[in-house]
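Please model the complete structure; the sequences and the hints are all you need to start from.
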Amino acid sequence: MPSSSEYLHPHDRASIAGDSGSDDDLDLEELDPTTATVHQSPRLSKDETTRQRGYGSGIALRNLRVGGGSRGWKRSASGTRHRDPEEDTHGLLEDREGEALRSSHASSRNYTDDDAPLLDNPRRSSARSFAGDGSIRRRGSRSRFFGFKAASIFSGPSSWARRNDENNTTKPPREVFVGQAQRSKYPANVVSNAKYTPWSFLPRTLYNEFSFFFNIYFLLVALSQIIPVLRIGYMSSYIAPLAFVVSISLGKEALDDIGRRRRDAEANSEEFSVLSFDRPLGGRAFAAPATNDSDVDEVFEITKKSKDLKVGDVLKVRKNQRLPADVVILKSIPNESVTARQSSSAEIATDLMRPDQESAQPPVEVEPSSSAAADKIDTSSTSDTFIRTDQLDGETDWKLRFPSVLSQSLRLRDFTRLKVTASAPDKRVNEFLGTIELGSQSGFYDPHVDKAQTGGGASSEDRQANSAPLTIDNTAWANTVLASNTTTYAVIIYTGSQTRAALSTSPSRSKVGLLEYEINNLTKILCALTLALSIILVALEGFEPNNDKEWYVAIMIYLILFSTIIPMSLRVNLDMAKSVYSRFIQRDKDIPGTVVRTSTIPEDLGRIEYLLSDKTGTLTQNEMELKKIHVGTVSYANDAMEEVASFVRQAFAGNTLTTPSAAFGAQAGLGAAPRTRREIGSRVRDIVLALALCHNVTPTTDEEDGVKVTNYQASSPDEIAIVKYTEEVGLKLSYRDRQSIVLETTDTGSVVVRVRILEIFPFTSDSKRMGIIVQFETADSILESSNEDTEIWFYQKGADTVMSSIVAANDWLDEETANMAREGLRTLVVGRKRLSLQQFQEFSAKYKQASLALQGRDVGMAKVVSEHLERDLELLGVTGVEDRLQRDVKPSLELLRNAGVKIWMLTGDKVETARCVAISAKLVARGQYIHTVAKVKDPSAAQEALDFLRNKTDCCLLIDGESLSLMLGQFRSAFISVAVLLPAVVACRCSPTQKAEVAELIRQYTKKRVCCIGDGGNDVSMIQAADVGIGIVGKEGRQASLAADFSITHFHHLTKLLVWHGRNSYKRSAKLAQFIMHRGLIISACQTMYSIASHFDPKGLFINWLMVGYATIYTNAPVFSLVFDRDVDEHLANLYPELYKELKSGRSLSYRSFFGWVLVSVYQGAVIQGLSQILLHTISGPRLISVSFTALVINELLMVAIAITTWHPVMIFCLIGTALVYAASVPFLGDYFDLEYVITVDWVWRVVAVCAVSVIPVWAAKLIQRSWKPPSYRKVRG
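Each residue of the sequence shown is one higher than the one before, counting from 562 in our numbering.
Please note: incorrect hints may appear among the correct ones.
To be verified - Calculated lysine-lysine pairs in the DSBU-like style (CA-CA distance at most 35 Å, straight line):
1) Lys-1496 x Lys-1617
2) Lys-1072 x Lys-1705
3) Lys-1496 x Lys-1471
4) Lys-1617 x Lys-1483
5) Lys-1705 x Lys-813
6) Lys-880 x Lys-988
7) Lys-1617 x Lys-1830
8) Lys-813 x Lys-1568
Since the hints were made in silico from the structure, they are not lab data.
Please read all numbers here as calculations on a predicted model, not as lab measurements.
What follows is the structure, given as structure tokens:
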């Protein structure tokens, strides 16, 4: 086999040349500084070393972590994998000694990230190398970095700049000196979510306020009063209402921003423990616990507030503590509660060592900086750290993180010798590129030394040996939480505005309700009416000067007098109403936990035309349960699972370790059992064992109420469901780390299976499968097993679409997977293959060689896996996992469909499962035809499908992601024009980008309201693209609910949100807006009648306080009380969802209804002013004003009473209270009224007559219209 140096030299040349000729970037995620180490080997001869090759050259084990980097199967559609910025560096860290140190399985291994073998020798030392007189340059056990030119490639700024140039990135990397002052200035670690500063608050808020048409119009009207010739009454009567409206909005903004600042202050004042490497001058400080005695009195622990933390500070973090900044983990120490478990892991590691590994333990040459604890504890397991990232990316699963082996073994005081080189701040939370370098005892300042005398080569070698790459697995970002029971030391690399959390936070799009746009259009009509009316009145005078005023001045005065036509209070009243609606929603006991995050669009809930829903976790519970197993001839489900449990008990009876090759029932004495039963039992045992081993689940033990409880953490709920199933049938996952898996029976609790993980192939969306290579322990100690007896097995599970070509030929797989999919089950095909030692070594060598390639690496690695492993696997069986429907999903979807809402289901699941869920959830009506468009690549076939759909618009369309991509790319307009006509559309295998694109396309094409609902981080883009985004707090985290406009806890709450609260919000706001406009129109009509009667003299009729009082205390409360009105009760709204259909047409506030109110307002204004003038035989004076203004107020109160459909106590209180307030204020209106005349009977009967003529005809017309053409709600109410 070629030595590592043979792979290294070409790479060295490439790196020296700058890799300018290669488009392949370096992939640091392939490197595992934590596990890429070497077991101490004796100084064997070259021949002996060559013979003791162990398990072959080091194979780069793939990442076990969630979302981990590059994969062997990760390819683009074209067959070549899209490369990340950190690709193709796997191979940079291999020793130059070639085969000299490859004396054991462990020593040859170059473990990648979390996929490092799960057990290893506990003895280790640091990663320091020594150059001396003929002495062998050594790495401590498990600290060898494969001879990568790590320092020369990653440490130097010049090479970083070269890498960044290749990736079209101009941002330079940063060098962070651990525990020391930094050479560059970085932003303070301050959390700031405030919108404004004390200096920017007024300018920004005033600009925002006066960008609205309403406010700028009234500002101009108020400013016009500065001009004496245009002045009408007191200037305060125009300034005060505007100031009130603006101050309300500014006060709301100020309170919101003060609340944000208070939350920021709390976060910025949170205290954290920081290591100080110099004795603090003051403040709270105490000696930090040392890794050995020599650390005492040299490292101190001080407390800092979050805002005082700086780049380079070393944090000490404990369980359940939030990280205040982006950090690189340096060291992780298990707490006492887990020491016993770790020690048992070390015992397992020792037992699983092969004979050549045991004999290959030389005297450990310990580097001075390595701690004593590092020699006794296996850092591959004790340094594991889990974090929770739900506050960052919305995923609730724990993520595995670990320190670099270069820093894990250091004493605390030696942290100051470390330098971290990190890439520039970036918002991508799943990517990181960096290196860590261990300097000399004197630090990184190197005085000038004549290299000709000292030998420059040794310095270069030392530097490369003391450098290690850093990947995403060595980091933890701000706002993540330490989940494991460890004490973790981490250095801060990004602070404040440069953290991933700050950079990835973008303001969501400001959503404006459809009602706002409609009202804005109506106000423009009112403005045009005002201008037209002013010009008409001046024109009737012949454009002649009047009272020494030029005609254009008269027009300006009329515009000011008629400014009430555009109601100033409209926007404030609507904003207040929306706050009331939000309160109604959040206080509704039937939908507890509902949160309104965007209070500006509650009316849009009543106008939804299209509902786009995710499937998993939204329509389904995302609570997986394995419901069915098929092993070829027998299928087990429901009660039959008891038989599976009995087979498992028989297979794993006794206290000895079991392997797949063991005869079924031999330990239980069932050798005489019928052959058929033995065969079936063997098949059941094999598939259960495969399910218990082939996964990425990690068991964790927590204490709840003093009782130890085992929980499982994994990247997928399917994985957890399968592991829980194996536990239910008798085979429990008791321990798992990156090196080993231990299984025990639930009957006796004894260990029955113990394996060493040799290789892991994690599941990816591209590969659609996961695999694992394990080595079984066959006796109490693997030392008793010969190489020939060693059992190495390759297990694989995945989607039937990819596994059908991998497993051996059979005649039942396709049929059974189709049956399970029709039952709504998520299917997984399980297979296995036994590998001989020679086969595994051959695979290892080829895989290692492919992993070191700079070009076509991933294709080459996938090819090696395919050729050596993925051929003719033994088909063990098929599992069916059920994702149960959410509560009341069926009636909810049926109700929404009857309400005229067109429902689209967008999911990443496969076609058959999506079809089954659509049918079972009643998304598709009974007997409705489902037209499937799948795997369409030919444009002619796509055109054919569109032609069919045009002629059959009553069917349901089922389309997969590939076909959808073609449709959106080449038939965008044609597809959407047909799809929006269909009652239901199901799109499967959709990416998050496609979901958002579909939502945006429907919005743009139809101009209708689109609602999107989801529960996972992959639904956020879709939710933000929708007019109304609804997030469900679910298993996949809170990211969707935090990004949504409305957050609910269950899908069936959506029906009440739309059919009840949406209906009420829209109907109430429409009625409220109409009354506010009516209130302004009617007083303008009175002004017009007055101007005509006074020979077109532009004088004000109701001025100063009368104008202000009319718009506020005399009419506002009764009009605003309409937010409590409702036309039907909740029972009828749910019983007759067809009532929701008419809301979407917008009839409640249409041009027709608007002009109807304009006519009513003109009639009533003309009657009130004209009849008052006729009855009093005067056109001006305090008597006329007292009659007309009183009639105006009473008319408005009566109109509100007529418009109410369902009375509410608040309405009654507002009407009676306002009437009493007006009556009580009349004695104070002596400047405007003739108070002596007001108390006479003549005044009373005139007011009653005017009100009767104004209101009774309108009321009568309304009654006739209801009888002749009753609205829908009147029909259902009876």
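Each hint tested on the structure:
1. For the suggested pair Lys-1496 and Lys-1617, the alpha carbons sit about 38 Å apart, so the restraint of at most 35 Å is broken.
2. In summary, the hint linking Lys-1072 to Lys-1705 is supported, as the alpha carbons are separated by about 18 Å, within the 35 Å threshold.
3. With a C-alpha separation of about 12 Å, the suggested pair Lys-1496 and Lys-1471 falls inside the 35 Å cut-off, and the hint holds.
4. A hinted pair counts as satisfied when its Cα atoms are at most 35 Å apart, and Lys-1617 with Lys-1483 qualifies at roughly 18 Å.
5. Proposed proximity of Lys-1705 and Lys-813 is supported: the alpha carbons are some 31 Å apart, at most 35 Å.
6. A C-alpha spacing of about 26 Å is found between Lys-880 and Lys-988, which places the hinted pair at or below 35 Å, so the restraint holds.
7. The suggested pairing of Lys-1617 with Lys-1830 holds, with an alpha-carbon distance near 28 Å, which does not exceed 35 Å.
8. In summary, the hint linking Lys-813 to Lys-1568 is supported, as the alpha carbons are separated by about 31 Å, within the 35 Å threshold.
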